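Participant: Chain residues, written in single-letter form:
There are 2 protein chains.
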Amino acid sequence: MITNLPTAELLSDTLAQADFLPRLPQQRRLYEAAKAAILSQQLGAGCKLPSTRNLAKDLGIARNTIIAAFEQLVAEGFVVTSTGSGTYVAATLPTVSRPKGKLKELPASTPKIPLAGPAPLSKRGAQLTEFAAGERYEIQPFAPGDCDFSTFPYKIWQRLQNRVWRDSWSELLDYGKAGGYLPLRRAIAEYLRVSRSVKVSIDQVMITAGTQQSLDLCAQLLADVGDTAWVENPCYWGARRVFESCDLHLHPIAVDAEGIAPTASELMSKPRLIYVTPSHQYPTGVVMSLARRRMLLELAENEGAWILEDDYDSEFRYTGRPLAALQGLDAHGRVVYMGTFSKVLYPGIKVGYLVVPPLLVEPFKSALYDLHRPGQLMIQAALADFIAAGHFTTHIRKIRQAYGAKRELLRKTLVAQVGNNIKISGEESGLHLVIELPDQVDDVALASLAAESGIAVKPLSNYYLQQPVRRGLLVGYAYVNMDKISYYGKLLAHVIQAGTRL
Amino acid sequence: MITNLPTAELLSDTLAQADFLPRLPQQRRLYEAAKAAILSQQLGAGCKLPSTRNLAKDLGIARNTIIAAFEQLVAEGFVVTSTGSGTYVAATLPTVSRPKGKLKELPASTPKIPLAGPAPLSKRGAQLTEFAAGERYEIQPFAPGDCDFSTFPYKIWQRLQNRVWRDSWSELLDYGKAGGYLPLRRAIAEYLRVSRSVKVSIDQVMITAGTQQSLDLCAQLLADVGDTAWVENPCYWGARRVFESCDLHLHPIAVDAEGIAPTASELMSKPRLIYVTPSHQYPTGVVMSLARRRMLLELAENEGAWILEDDYDSEFRYTGRPLAALQGLDAHGRVVYMGTFSKVLYPGIKVGYLVVPPLLVEPFKSALYDLHRPGQLMIQAALADFIAAGHFTTHIRKIRQAYGAKRELLRKTLVAQVGNNIKISGEESGLHLVIELPDQVDDVALASLAAESGIAVKPLSNYYLQQPVRRGLLVGYAYVNMDKISYYGKLLAHVIQAGTRL
Chain A
5 MITNLPTAEL
15 LSDTLAQADF
25 LPRLPQQRRL
35 YEAAKAAILS
45 QQLGAGCKLP
55 STRNLAKDLG
65 IARNTIIAAF
75 EQLVAEGFVV
85 TSTGSGTYVA
95 ATLPTVSRPK
105 GKLKELPAST
115 PKIPLAGPAP
125 LSKRGAQLTE
135 FAAGERYEIQ
145 PFAPGDCDFS
155 TFPYKIWQRL
165 QNRVWRDSWS
175 ELLDYGKAGG
185 YLPLRRAIAE
195 YLRVSRSVKV
205 SIDQVMITAG
215 TQQSLDLCAQ
225 LLADVGDTAW
235 VENPCYWGAR
245 RVFESCDLHL
255 HPIAVDAEGI
265 APTASELMSK
275 PRLIYVTPSH
285 QYPTGVVMSL
295 ARRRMLLELA
305 ENEGAWILED
315 DYDSEFRYTG
325 RPLAALQGLD
335 AHGRVVYMGT
345 FSKVLYPGIK
355 VGYLVVPPLL
365 VEPFKSALYD
375 LHRPGQLMIQ
385 AALADFIAAG
395 HFTTHIRKIR
405 QAYGAKRELL
415 RKTLVAQVGN
425 NIKISGEESG
435 LHLVIELPDQ
445 VDDVALASLA
455 AESGIAVKPL
465 SNYYLQQPVR
475 RGLLVGYAYV
485 NMDKISYYGK
495 LLAHVIQAGT
505 RL
Chain B
5 MITNLPTAEL
15 LSDTLAQADF
25 LPRLPQQRRL
35 YEAAKAAILS
45 QQLGAGCKLP
55 STRNLAKDLG
65 IARNTIIAAF
75 EQLVAEGFVV
85 TSTGSGTYVA
95 ATLPTVSRPK
105 GKLKELPAST
115 PKIPLAGPAP
125 LSKRGAQLTE
135 FAAGERYEIQ
145 PFAPGDCDFS
155 TFPYKIWQRL
165 QNRVWRDSWS
175 ELLDYGKAGG
185 YLPLRRAIAE
195 YLRVSRSVKV
205 SIDQVMITAG
215 TQQSLDLCAQ
225 LLADVGDTAW
235 VENPCYWGAR
245 RVFESCDLHL
255 HPIAVDAEGI
265 APTASELMSK
275 PRLIYVTPSH
285 QYPTGVVMSL
295 ARRRMLLELA
305 ENEGAWILED
315 DYDSEFRYTG
325 RPLAALQGLD
335 AHGRVVYMGT
345 FSKVLYPGIK
355 VGYLVVPPLL
365 VEPFKSALYD
375 LHRPGQLMIQ
385 AALADFIAAG
395 HFTTHIRKIR
405 QAYGAKRELL
415 RKTLVAQVGN
425 NIKISGEESG
435 LHLVIELPDQ
445 VDDVALASLA
455 AESGIAVKPL
465 SNYYLQQPVR
475 RGLLVGYAYV
485 NMDKISYYGK
495 LLAHVIQAGT
505 RL
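One line per chain: the protein sequences are A and B, in this order.
Residues 5 to 506 (the working numbering) make up the first sequence, in order.
Residues 5 to 506 (the working numbering) make up the second sequence, in order.
FYI, nobody ran anything at the bench for these hints, they're computed from the structure.
Check the hints yourself; a few may be wrong.
One copy or two, it doesn't matter: identical chains are merged, so the pair holds either way.
What the hints assert, rightly or not - Cross-link-like lysine-lysine pairs, in silico, DSS-like; alpha carbons within 30 Å at most:
1) Lys-488 - Lys-427
2) Lys-52 - Lys-203
3) Lys-181 - Lys-402
4) Lys-127 - Lys-203
5) Lys-494 - Lys-416
6) Lys-274 - Lys-127
7) Lys-494 - Lys-402
8) Lys-181 - Lys-488
9) Lys-181 - Lys-127
10) Lys-274 - Lys-203
11) Lys-402 - Lys-488
12) Lys-427 - Lys-416
Since the structure is predicted, the reported quantities are computational estimates derived from the model, not experimental observations.
Construct the complete structure from the given sequences, taking the supplied hints into account.
Facilitator: In structure tokens form, the structure reads like this:
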């Protein structure tokens with residue numbers, strides 16, 4: 005037991021040293037000083053604290069300040085008060101019995117990184133981290149994936165957004181409990197019926213926070229750990245990461261000129277999920293043939309599998325009308341259709357949608373709320389108005405034209421430079437094109453070479469789950485300014501020529 | 005092979021019948037009519053279509069319209085063209101060989117719900133759907149969980165939001181690739197250091213789309229399928245659903261007056277994750293004692309476990325200062341701390357944050373992007389300005405006072421009506437209080453009784469993972485208007501008296 009005076013001195017000293025907290029009020033500094041003294045056991049368990057009156061005198065601090073600091077220490081269990089008897093440092097050792105010899109003192113130092121012991125990450129976490137797409141997908145010339153969000157009509161958007169905030173019921177600040185904001189679901193249903201030939205009632209539409217969340221919901225609700233998911237090979241990496249994190253068994257299926265092409269023996273396997281991008285295979289750009297579409301639908305019906313149709317950039321078809329969705333051919337409710345506004349409006353809007361078969365409406369609605377607690381109804385309302393007022397259609401038309409022109413210019417530039425030695429595929433739609441390369445070309449090395457010139461094209465190899473079948477470069481052109489396309493196109497052509505001696 | 009004339013007549017007829025698509029342009033209707041005829045096999049494989057010139061004459065439609073419709077049919081593989089020879093219905097049977105006898109005709113009807121076959125939902129999906137919190141958590145008097153978002157200073161917010169949209173670089177429309185908008189991460193780090201005694205550098209802060217996403221990231225990155233997660237019993241249901249969907253093994257640990265209270269044998273078990281709510285145990289309101297905090301930290305260090313500290317409503321402590329976070333005591337980097345703006349600003353804002361130990365910064369940053377592709381940087385920027393300008397602190401102070409007054413009035417009303425027969429716990433903080441009930445009272449039945457009077461209190465029993473230990477009612481008071489508290493409080497007291505004969 006220590007007497008009052010040393011405690012007061014100790015607190016005074018500690019307080020003086022507590023200059024690492026200069027911006028904090030006195031009460032807080034006193035609290036921190038006392039806490040540090042208790043945790044370092046300079047003030048041991050059972051030690052009596054001086055009275056607030058004495059301490060106020062000793063430290064030259066207002067008594068109320070000291071009382072407030074003491075109350076905080078009491079509330080957090082560092083000290084206990086005993087009526088009429090005073091304030092004592094609490095017994096801070098665990099009150100629950102534990103095996104002897106395992107207790108260690110808590111060092112008062114800053115966190116250290118353990119060098120040994122159990123792996124910090126889970127196996128799925130380690131697998132996920134190894135990939136680290138975020139590091140590599142920067143906005144640089146020709147990096148595939150992004151749209152040109154600098155053209156987003158933000159003044160119109162702001163006006164609509166302000167109207168929603170001004171006129172809205174405060175209910176739009178709450179979570180979205182019923183699958184999303186109804187007028188937006190209605191607008192999406194109409195858009196998909198007219199533009200994508202999707203068979204859909206409003207009830208089947210759910211608003212999600214984007215395709216990643218849509219995929220996660222499907223993987224969680226429709227497949228269990230170890231279940232097989234067919235993915236296209238090469239495949240969209242974002243879907244792959246979600247399925248892996250949900251511990252599905254991924255079965256890569258080759259892609260040919262008609263889209264996903266399972267072999268006879270693969271057709272005998274029983275996938276639980278079939279993830280496809282029929283309108284514009286990601287990343288090759290192939291359109292799935294009608295025969296393959298019917299084959300998948302039959303397979304899904306016979307085996308009770310679910311087809312996940314990701315229609316991520318179907319708005320961008322530069323010749324003719326957009327292709328109809330696979331979902332529109334589905335007579336047995338085996339297709340979950342998904343789309344996003346990230347490629348049409350701007351990436352960070354984080355609004356996507358699912359169209360689920362009638363059977364799945366209630367489970368999806370319920371799980372969407374329980375797992376993700378959706379919100380952003382204000383944005384959903386502004387978006388519904390944006391669509392209803394025709395701005396959405398206008399914007400699509402405008403950017404489709406711009407992207408088509410960029411694509412054509414890029415194609416011409418590349419052909420003019422490299423000639424007929426390269427083949428450009430996936431030409432008619434999307435936000436990127438693929439430069440096909442001969443098998444002996446190391447496309448990964450070529451992409452690194454391009455990166456040295458400030459061009460962020462991606463090697464096709466990286467999209468394969470197993471040994472790459474074809475080599476190539478993905479070139480995103482959507483957000484490169486029209487007047488820069490020629491410059492970067494020529495630069496890229498030089499890199500290809502230098503790297504491949506074509 | 006059918007001659008040209010019947011085909012034209014057929015198309016003409018089908019087109020006339022296609023009045024289910026009255027709002028569509030003629031080209032689209034023709035396309036739909038032809039597609040329907042092909043799918044229903046009225047136009048069989050190999051059937052030659054009439055020339056566009058003849059068809060234009062027969063149908064009385066501009067030839068360009070017909071050409072466009074044909075091009076669409078070609079692009080989607082319904083018909084094929086042979087140069088100089090004409091256009092034919094494609095062979096739509098699968099080109100890949102399949103076991104005989106499994107092919108079925110596609111009926112042209114609307115989707116039907118299958119009555120038999122494989123279970124549509126996965127096991128985890130079925131488990132999740134059974135719970136269906138969304139159905140039950142409506143905004144009604146006394147439903148716990150929501151804050152009073154009608155007090156959100158939306159005019160200030162709109163002004164800040166407009167400034168961000170007006171002045172921002174378009175980069176804020178992109179995905180957030182580096183763990184969130186830097187000024188917001190800085191503002192959160194400062195807030196947590198000062199108000200919550202969290203030890204944090206800016207780099208350790210990651211912005212998420214709310215606590216559900218924070219929990220999901222932790223479960224994915226730090227635990228594998230079948231790993232044990234300790235959860236408090238009773239427990240926050242949202243966390244439980246996320247862990248279950250990630251296929252963790254949940255081990256419920258009893259809660260006593262000092263918080264989570266593992267038994268000696270439980271302490272010998274090796275949890276991978278320990279999910280706790282130390283500042284205000286959800287739902288009981290207990291504050292975790294210092295002894296328990298130190299015990300958990302030691303256990304985590306010795307066993308290589310991760311503590312997930314959910315500090316969901318620590319801003320609302322009505323007596324004294326907010327309690328310091330468990331994370332602040334962590335000397336070995338074993339605590340992942342999480343918080344949310346949903347309880348302080350408005351639920352649908354969907355901005356939460358994680359503070360991860362230095363060791364986990366890179367893996368979390370990378371996985372956050374790869375799994376969730378975060379966005380909403382515009383909202384993050386507005387929020388950073390909101391905090392920097394002091395509006396956040398002002399708003400917290402204002403609502404803390406209001407909620408404290410509501411809580412006190414509710415407590416007084418209940419005590420005045422029911423007297424000392426009920427005990428109210430979790431009194432000093434949060435957005436709800438718990439009315440404790442004798443063991444023999446069926447709190448689920450009592451909550452149903454209350455619901456009949458339009459009061460949406462929740463039974464404590466529902467928050468237990470196993471056999472309930474204590475009975476009670478959770479009463480959320482935050483968003484009930486002050487002048488309605490007495491009315492609903494009396495109503496609730498009557499229900500309790502009627503239901504329990506107290």
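Participant: Sort out which numbered hints this structure fails and list those numbers smallest first.
Facilitator: none
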